[in-house]
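Colleague: First to last, the sequence lines map onto chains A and B. With the UniProt record's numbering applied, the first sequence corresponds to residues 1 to 493, in that order. With the UniProt record's numbering applied, the second sequence corresponds to residues 1 to 343, in that order.
For the record, the hints were derived by calculation from the structure and aren't laboratory data. Using N, Cα and C, we set each Cβ at its ideal position, and we do this for glycine too. Among the hints, erroneous ones may be present.
Heads up, simulated SDA-like pairs for lysine to any residue below, C-alpha to C-alpha not over 20 Å straight-line [unchecked claim]:
#: 1; chain 1: A; residue 1: K321; chain 2: B; residue 2: P257
#: 2; chain 1: B; residue 1: K137; chain 2: B; residue 2: S237
#: 3; chain 1: A; residue 1: K321; chain 2: B; residue 2: T247
Now the in silico label distances, taken between C-beta atoms and shown as ranges [unchecked claim]:
#: 4; chain 1: A; residue 1: R205; chain 2: B; residue 2: N239; range: 46 to 56 Å
#: 5; chain 1: A; residue 1: D458; chain 2: B; residue 2: G50; range: 49 to 59 Å
#: 6; chain 1: A; residue 1: S159; chain 2: B; residue 2: S237; range: 50 to 60 Å
#: 7; chain 1: A; residue 1: A476; chain 2: B; residue 2: H77; range: 33 to 43 Å
Facing chain B, from chain A, some residues (calculated, C-beta under 10 Å) [said to hold, decoys possible]:
#: 8; residue: S323
#: 9; residue: T342
#: 10; residue: T345
#: 11; residue: E393
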Amino acid sequence: MCQVEEEYHEQLERVDTPSASKKCVKCKEELAAVVIRAGDAYCRKCFRESFIHKFRAMLGKTRVIFPGEKVLLAVSGGPSSCSMLSQVQEGVSQNAHKKLRFFPGIVYIDEGGALGQCKEMRQKTTSELCDMFRSTGFPFYILPLEQVLDLPGSVLTPSPPSDQPGSVYKAAVDLFLQSGDSSSDGKAEEQECVSLPAVQESHTRLLQQLIGSAQTLTAKQDLLNTFRQHLLVHTARTRGYSKLMQGDSCTRLAVKLLTSISLGRGAQLAQDTGFSDCRYGDVTVVRPMREYSAKEIAYYNHMFKVPSVVIPNLDTKMPDKASIQRLTQNFVTKLQADFHSTVSTIYRTGEKLQTAGRDSSAAEDAKRCVLCVCGLDTAAEEASALQATLISEQLSQSSVKPEPPASVGQCCSSERPCGGAEGTGDCCRSSRDHEATDLRSLLCYSCRRTVRDMSSVDCLPQYVLSVAQRRQNRSAMKEQISEFLLDDADENN
Amino acid sequence: MPVLCSSCSEKRAVLKRPKTGHSLCKACFFWAFEEEVHQTIVAAKLFRSGETVGIAASGGKDSTVLAHVMKLLNERHGYGLELMLISVDEGITGYRDDSLETVKRNQQQYELPLKIVSYEELYGWTMDAIVKQVGLKNNCTFCGVFRRQALDRGAIMLKVDKICTGHNADDVAETVLMNILRGDIARLRRCTAISTASEGDGVVPRCKPLKYAYEKEIVLYAYFKKLDYFSTECIYSPNAYRGYARTFLKDLESIRPSSIMDIIHSGENLSVREGVKMPVQGTCSRCGYISSQALCKSCVLLEGLNRGLPKLGIGKHHRLHGKILSQQPLTEHEQRKLKSVDF
Numbered sequence: 001m002c003q004v005e006e007e008y009h010e011q012l013e014r015v016d017t018p019s020a021s022k023k024c025v026k027c028k029e030e031l032a033a034v035v036i037r038a039g040d041a042y043c044r045k046c047f048r049e050s051f052i053h054k055f056r057a058m059l060g061k062t063r064v065i066f067p068g069e070k071v072l073l074a075v076s077g078g079p080s081s082c083s084m085l086s087q088v089q090e091g092v093s094q095n096a097h098k099k100l101r102f103f104p105g106i107v108y109i110d111e112g113g114a115l116g117q118c119k120e121m122r123q124k125t126t127s128e129l130c131d132m133f134r135s136t137g138f139p140f141y142i143l144p145l146e147q148v149l150d151l152p153g154s155v156l157t158p159s160p161p162s163d164q165p166g167s168v169y170k171a172a173v174d175l176f177l178q179s180g181d182s183s184s185d186g187k188a189e190e191q192e193c194v195s196l197p198a199v200q201e202s203h204t205r206l207l208q209q210l211i212g213s214a215q216t217l218t219a220k221q222d223l224l225n226t227f228r229q230h231l232l233v234h235t236a237r238t239r240g241y242s243k244l245m246q247g248d249s250c251t252r253l254a255v256k257l258l259t260s261i262s263l264g265r266g267a268q269l270a271q272d273t274g275f276s277d278c279r280y281g282d283v284t285v286v287r288p289m290r291e292y293s294a295k296e297i298a299y300y301n302h303m304f305k306v307p308s309v310v311i312p313n314l315d316t317k318m319p320d321k322a323s324i325q326r327l328t329q330n331f332v333t334k335l336q337a338d339f340h341s342t343v344s345t346i347y348r349t350g351e352k353l354q355t356a357g358r359d360s361s362a363a364e365d366a367k368r369c370v371l372c373v374c375g376l377d378t379a380a381e382e383a384s385a386l387q388a389t390l391i392s393e394q395l396s397q398s399s400v401k402p403e404p405p406a407s408v409g410q411c412c413s414s415e416r417p418c419g420g421a422e423g424t425g426d427c428c429r430s431s432r433d434h435e436a437t438d439l440r441s442l443l444c445y446s447c448r449r450t451v452r453d454m455s456s457v458d459c460l461p462q463y464v465l466s467v468a469q470r471r472q473n474r475s476a477m478k479e480q481i482s483e484f485l486l487d488d489a490d491e492n493n
Numbered sequence: 001m002p003v004l005c006s007s008c009s010e011k012r013a014v015l016k017r018p019k020t021g022h023s024l025c026k027a028c029f030f031w032a033f034e035e036e037v038h039q040t041i042v043a044a045k046l047f048r049s050g051e052t053v054g055i056a057a058s059g060g061k062d063s064t065v066l067a068h069v070m071k072l073l074n075e076r077h078g079y080g081l082e083l084m085l086i087s088v089d090e091g092i093t094g095y096r097d098d099s100l101e102t103v104k105r106n107q108q109q110y111e112l113p114l115k116i117v118s119y120e121e122l123y124g125w126t127m128d129a130i131v132k133q134v135g136l137k138n139n140c141t142f143c144g145v146f147r148r149q150a151l152d153r154g155a156i157m158l159k160v161d162k163i164c165t166g167h168n169a170d171d172v173a174e175t176v177l178m179n180i181l182r183g184d185i186a187r188l189r190r191c192t193a194i195s196t197a198s199e200g201d202g203v204v205p206r207c208k209p210l211k212y213a214y215e216k217e218i219v220l221y222a223y224f225k226k227l228d229y230f231s232t233e234c235i236y237s238p239n240a241y242r243g244y245a246r247t248f249l250k251d252l253e254s255i256r257p258s259s260i261m262d263i264i265h266s267g268e269n270l271s272v273r274e275g276v277k278m279p280v281q282g283t284c285s286r287c288g289y290i291s292s293q294a295l296c297k298s299c300v301l302l303e304g305l306n307r308g309l310p311k312l313g314i315g316k317h318h319r320l321h322g323k324i325l326s327q328q329p330l331t332e333h334e335q336r337k338l339k340s341v342d343f
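Bound conformation, chain A alone:
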């Protein structure tokens, strides 16, 4: 009823009372142990087979992960990412049928600092996870989120993808097989015994200040996600991993899609929720768990004893309307309870979308958002929502500003126009307003909205501010010499 293309094959069904003696729909021999969707009852064996098969099929049909590649698994400790970890573990093990041919590593970002957790809590969680990771035999890295403050500016610049010896998948597979599959025991690196890095108090304070400068929970969560992603990509880059696997389930992605729409990220939807996300250039983010609903993952974890750790989040135990993310999650889960196809419909809608505008890999460096590294969508065209918002702002404020005093010279360079649209009037009252206005031009629509919720832009980490400064200088330079440039030269920075 709620879908456009809904089929109405069945007459009004008589709901079968769930009986303990129902047979598995797949093998039709064993007794069913779990019901995934209405009417799909599986026995343990078939369920496990289909679960594992889905994972392999996802990797196989998309052909994004090449054999012999190093893949970093981003594990948050939650059920989806732990399930993903166990699938990879299963797939890479010697006795697997058609084993997976890449070399995994694990990374966990400890966000306790941003949440205000005490040191003991953080130690406890990280040591639990440490044990879990150690038992897998893969190299693992446990990083505190505070490290995001020390990142280099290169995180925000997409690097060109490294040369693959065979960019066609089939050629790469053949090449790998020819080279004799030398490091075939699955442990490409010695497992590092990573002792939990000590975190400086001052860094934790800075991080808390950064998160605290966002006035709304929505903005806080958005910032946290952005910085976590930056740290993950940086880790992958510096340790030589070309792929980053994230464990977002179907349910989580459906919620993310609706949240992105509500935050104004329509142009970047395909990258936020698609299977592979190439915005960083050399590190591709893949999401192999995207066809599993949260329910399936929970059943699997319970039945096959996959360990996971409960870690609180910024919006844990918060009321329904505390943030947009929380509200959307509640909305989708409640709607799913009444209309069972909600999550899969939203997911399929997302699959049909693509990144708007120019191809992300070809976009100039200057046309990327400084925070989310996606293409900018802020060209205020005629008759667009953005233009309407700007007009409303203008009309609601006094259009006559007091003339700035003549001693303005020292704080404004000649390239930058004074008196931004913020309507403060007096442009040298604080250069902070200046920076806020200028930073806005380097951000996409939704990052602008997030930054607007921040009390001070200065709390942003150094690497963001310095990259912003550099881009502003370059665009000012370009403006000065624009009449002498012959064409839009390739500006790969």
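Dock chain B against the given chain A, drawing on the hints supplied.
Modeller: Coordinates of chain B only, in the frame set by chain A:
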């Protein structure tokens, strides 16, 4: 200390704009609201001088404010348009007959010609009769489809060049959300457009001048200008699926008021992957109206109603179009599927 208007800084502010949060006095608010609608009209090039424009009037707040603002801007900026009111009578007792009285009052106030088209005369069915057959769950589909055609027929009878409707920002945002929830890619691409395409006869292009105006601001405008409108919800709407999207949107607005514009911005920037199947525009073989299938939706719905098979229009039915066109009786199996559920 009283808060001063942030625009003129002279008078005391009497309201806070839901859209931007600024405090404004009455005159500045009126000016800002009207100017925004004017900018929307000019930027999107909605009208040309000398055209006849039909204002879809239901008697509710959106269409009342639309009629008022269109008349005002037409005079103030000299659009050179000839304005008319078109109203649709769906035949809902206790709701539509009251709101039609409001429209008649509007006609007298604004001195605009008025044409009322009713479902009864166009299709032979009133909404009350339809609900009796269909039940309370899918009736909004019937009403919406029939109204669209009714508006077009009314516009052709009046010989107008364009129709303008009172859809506001909240409506557009709700539509974007609903199309995502329903998986309707084709509509998702089109729903944020401010005016529809204008090819084909039997189709009058329509536009939404109030597309960027928040519903709350429309109410504020109507309140301060003391405009007369009818403000009850349709009695058949409580079970509509759209209600979920609306509640969600209201909650979003309470968290972050700019989310309505954010959603519209997202909707405008969505782009569909190549290779996704899209419907192609054609004409209905029976009535000649535009349609992407062999039969237009209102013909299918009508057929279902007339044959006593109300579920004919709900769900996939294009396989049955051939049968309907050639007037063949449907098999028993098909008939059983399409009857409404008896309790």
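Colleague: Give me the numbers of the hints this structure contradicts, sorted from smallest to largest.
Modeller: Every hint satisfied by this model.
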